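The numbering of the sequence shown is my numbering, which starts it at 1 and goes up by one.
It is possible that part of the hints are untrue.
[As the list claims (entries may be wrong)] Each pair of labels, with its calculated beta carbon distance range:
id: 1; residue 1: Phe99; residue 2: Thr64; range: 14 to 22 angstroms
id: 2; residue 1: Val95; residue 2: Leu4; range: 46 to 54 angstroms
id: 3; residue 1: Leu4; residue 2: Lys129; range: 18 to 26 angstroms
id: 4; residue 1: Asn75; residue 2: Ile44; range: 46 to 54 angstroms
id: 5; residue 1: Gly78; residue 2: Lys27; range: 18 to 26 angstroms
id: 6; residue 1: Thr59; residue 2: Gly7; range: 28 to 36 angstroms
Hints were generated in silico from the structure; no laboratory data involved.
In this text the structure is predicted, and so the values were computed from the model without any measurement.
Ideal Cβ positions, reconstructed from N, Cα and C, are used throughout, including at glycine.
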Amino acid sequence: MLKLYSGPFGKSEVLHLLRRTMFGVSKADLHFFMSKTLSESLDILINTKPTTPNPPLRTYYNNTDPSKDTFDKINNNGTIETIVNWGETWVDKPVQTNFLASSNSARRLNLKQWWTGLQIHQDRSVYEK
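Given only the sequences and the hints, what does the whole structure look like? Please build it.
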């Protein structure tokens, strides 16, 4: 059985706790948790349910001229159709076999950028870690 921690809970201990439970520590987070007890801090970090994030949006292209961008466009019997417009989510769109240019690697990179953004702008919670 683990013994309860009974040592000091000052700035260095708060920093250690936050570095172990979150992706980095902002000044605002440090000041917020410095005003809490260890028990209150743990309750906040463990019991805070983060807000559901918006899905990743299409922010990738293979040509800066939108009329020449071929990502997420298909040739449907001679008609070029856009499957995912700029700024729309692509997660609920089926992967097509007749894309003019494969956007799979761009979507993978877009997903990583989106996830990194969630980590940088995290809630005060251990959830992302």
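| request: Please write out, lowest number first, the hints stated earlier that are contradicted by the structure. | output: Violated: hints 5 and 6.
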